[in-house]
Amino acid sequence: MSDSKVNGKMDTDTSVNNQMMALRDTAMVNVTDKLTIYSGNTDSINIDAGEEIPENISYRSEDDSIAEVRKGYVVANREGETNIITSFSLAGKEMSFHTQITVLAGTVTVSSSELEVMEGTTKKLKTKLDKGVLSGVSYISDNTDVATVVNDGVDGIISGVSKGRATITVTANVSGSITVKEVIVTVSDFDKGDIPIQNPVQADNFKEEDDWQGSRVNFGRFEQDNRISNGKEPILWRVLEVEDNSVLLLAEYGLICKNIHETFEDFTWETSTLRNWLNTSFLDMAFTNQERKAILDSNIDTPDNIEWGTKGGGNTIDKVFLPSVQDVMNPAYGFPANMETSKARMLQCTAYARKNGGYINKDNGNTCWWLRSPGFHQKYADYVFTTGAITENYFIGRRYDAIRPAIRVDLSMVQIKPRQKTGENIYPYISLLPN
Numbered sequence: 078m079s080d081s082k083v084n085g086k087m088d089t090d091t092s093v094n095n096q097m098m099a100l101r102d103t104a105m106v107n108v109t110d111k112l113t114i115y116s117g118n119t120d121s122i123n124i125d126a127g128e129e130i131p132e133n134i135s136y137r138s139e140d141d142s143i144a145e146v147r148k149g150y151v152v153a154n155r156e157g158e159t160n161i162i163t164s165f166s167l168a169g170k171e172m173s174f175h176t177q178i179t180v181l182a183g184t185v186t187v188s189s190s191e192l193e194v195m196e197g198t199t200k201k202l203k204t205k206l207d208k209g210v211l212s213g214v215s216y217i218s219d220n221t222d223v224a225t226v227v228n229d230g231v232d233g234i235i236s237g238v239s240k241g242r243a244t245i246t247v248t249a250n251v252s253g254s255i256t257v258k259e260v261i262v263t264v265s266d267f268d269k270g271d272i273p274i275q276n277p278v279q280a281d282n283f284k285e286e287d288d289w290q291g292s293r294v295n296f297g298r299f300e301q302d303n304r305i306s307n308g309k310e311p312i313l314w315r316v317l318e319v320e321d322n323s324v325l326l327l328a329e330y331g332l333i334c335k336n337i338h339e340t341f342e343d344f345t346w347e348t349s350t351l352r353n354w355l356n357t358s359f360l361d362m363a364f365t366n367q368e369r370k371a372i373l374d375s376n377i378d379t380p381d382n383i384e385w386g387t388k389g390g391g392n393t394i395d396k397v398f399l400p401s402v403q404d405v406m407n408p409a410y411g412f413p414a415n416m417e418t419s420k421a422r423m424l425q426c427t428a429y430a431r432k433n434g435g436y437i438n439k440d441n442g443n444t445c446w447w448l449r450s451p452g453f454h455q456k457y458a459d460y461v462f463t464t465g466a467i468t469e470n471y472f473i474g475r476r477y478d479a480i481r482p483a484i485r486v487d488l489s490m491v492q493i494k495p496r497q498k499t500g501e502n503i504y505p506y507i508s509l510l511p512n
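The sequence shown begins at 78 in the numbering used here and counts up by one.
Note that these hints are calculated values from the structure, not bench results. Please note that a few of the clues may not be correct.
To be verified - Cut-off 27 angstroms, straight-line C-alpha distance, at most; resulting in silico cross-link-like pairs (DSS-like, lysine-lysine):
hint, residue 1, residue 2
1, K284, K258
2, K439, K420
3, K208, K258
4, K494, K203
5, K370, K258
6, K420, K205
7, K240, K200
8, K309, K205
9, K148, K111
10, K203, K258
Unchecked claim - Simulated DEER-style distance windows between Cβ atoms:
hint, residue 1, residue 2, range
11, E191, N133, 56 to 64 angstroms
12, D381, G213, 43 to 51 angstroms
13, S215, M362, 34 to 42 angstroms
14, E347, E384, 14 to 22 angstroms
15, D287, N392, 28 to 36 angstroms
16, S188, A466, 23 to 31 angstroms
17, K201, G308, 23 to 31 angstroms
18, N438, D381, 28 to 36 angstroms
19, I437, T179, 31 to 39 angstroms
Even glycine gets a Cβ: it sits at the ideal position worked out from N, Cα and C.
Using the sequences and the hints given, assemble the complete structure.
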């Protein structure tokens, strides 16, 4: 047999052996073959090569608009299907694998298909996505003479303007997938015998993702947008409780950031430097003389911390105060009865507070805020995290954190008027009764 024939057979055998070794090596490697992800979410492609370590890993998507890979994570951009090719070196051999990617949009729901609202009052329309991330939601009224609507994040605030019917068109964008829903709004005459506020929705069955639900009202003014030249802005309050002759209010935002007590020593609300500041400087800055007269002197009881044996201090008489841990765990006030993560307790602070020492969590945009209740040591106070969870172990000199004042207003001295039909103020406001 000639050398050429012998070499030819040897070359063929070598090629077959190489192919068989490549198949064997590939069989030893497991790479995720399918992924289903909701748009806006991420996942990862797993590579299992046993004891070997893949090198020079790279990814390529056949359609980046559907899904792409950033820093090793698959990012779902919009509804659809594509493939991602994962390539790497293993023991000196180059390998490539395909992963089928399916991106789903999730289901959009709106809290109601029909709403009734009184002239001059507001109601919130909530748009949710069961899975995935909302890219944006818009609201349009087909009859702004009857009802207007503005965005509040991804929710819509509907305001009754005059008696009649209007259709609100809700357009939700989920990474390019559009869902359109309609809500019929019926506006009735304003009942002058009823004030346009009410007690919050009971939070007995709230889950951590449930937001606070209730009335809001404007009263007083305080610097908030950090543009001093345009004057102070109206203070927005949550209505925690409506009684026959008074209403309990809690600031919607962190208005300023301060220590609850300026010196690191045993603390109670009674001796707190913040208590003094709220009832002097803040009271003077935020309210007129007549408005201050309408704010009741409240008998404030700060209970001891039974678990840790720390003292709440003596009762105080205050016009302005911080809520207690019992207040922000009270379902009647719209808060869940636990110390765990809760959207209802999450807080954002104003631009003015941020620019003057305020802390902002870069992941959720929220801030932490003080409660007046004692913590696990007499130098510690209860405190709400950016997640809405409550802790008892933050010392009073920790840093300047958000202050969320509470007040109780005498309803016999004021009238609560519906929002104006023009302007940006979408909530009712407290006005003093004429002399």
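Going through the hints against the structure:
1. For the hint linking K284 to K258, the alpha-carbon distance of about 26 angstroms falls within 27 angstroms, and the restraint holds.
2. Straight-line distance between C-alpha atoms of K439 and K420 comes to about 17 angstroms, which keeps the hinted pair within the 27 angstroms bound.
3. Restraint check for K208 and K258: satisfied, since their Cα atoms lie roughly 18 angstroms apart, inside the 27 angstroms limit.
4. For the suggested pair K494 and K203, the alpha carbons sit about 25 angstroms apart, so the restraint of at most 27 angstroms is met.
5. As the CA atoms of K370 and K258 are separated by approximately 47 angstroms, the hinted pair breaks the 27 angstroms bound.
6. Distance check on the hinted pair: K420 and K205 sit about 14 angstroms apart at the alpha-carbon level, within 27 angstroms; holds.
7. Distance check on the hinted pair: K240 and K200 sit about 15 angstroms apart at the alpha-carbon level, within 27 angstroms; holds.
8. Restraint check for K309 and K205: not satisfied, since their Cα atoms lie roughly 34 angstroms apart, outside the 27 angstroms limit.
9. Taking the CA atoms of K148 and K111, the gap is about 19 angstroms. The hint holds against a cut of 27 angstroms.
10. Pair hint K203 plus K258 holds up; C-alpha atoms about 12 angstroms apart against a cutoff of 27 angstroms.
11. The supplied range of 56 to 64 angstroms is met by E191 and N133, whose beta-carbon atoms lie about 59 angstroms from each other.
12. Range check, D381 to G213: Cβ separation about 48 angstroms, and the 43 to 51 angstroms hint holds.
13. Between S215 and M362, the C-beta spacing of about 37 angstroms keeps the proposed range 34 to 42 angstroms intact.
14. Separated by about 20 angstroms at the C-beta atoms, E347 and E384 satisfy the suggested range of 14 to 22 angstroms.
15. A C-beta distance of roughly 33 angstroms is found between D287 and N392, which places it inside the suggested range of 28 to 36 angstroms.
16. Between S188 and A466 the CB atoms are about 25 angstroms apart, so this pair conforms to the stated range of 23 to 31 angstroms.
17. Separation of K201 from G308 is about 28 angstroms and conforms to the stated range, judged on CB atoms against 23 to 31 angstroms.
18. Against the hinted window of 28 to 36 angstroms, the Cβ-Cβ separation of N438 and D381 comes to about 31 angstroms, which satisfies the hint.
19. For I437 paired with T179, a C-beta distance near 36 angstroms keeps the hint of 31 to 39 angstroms intact.
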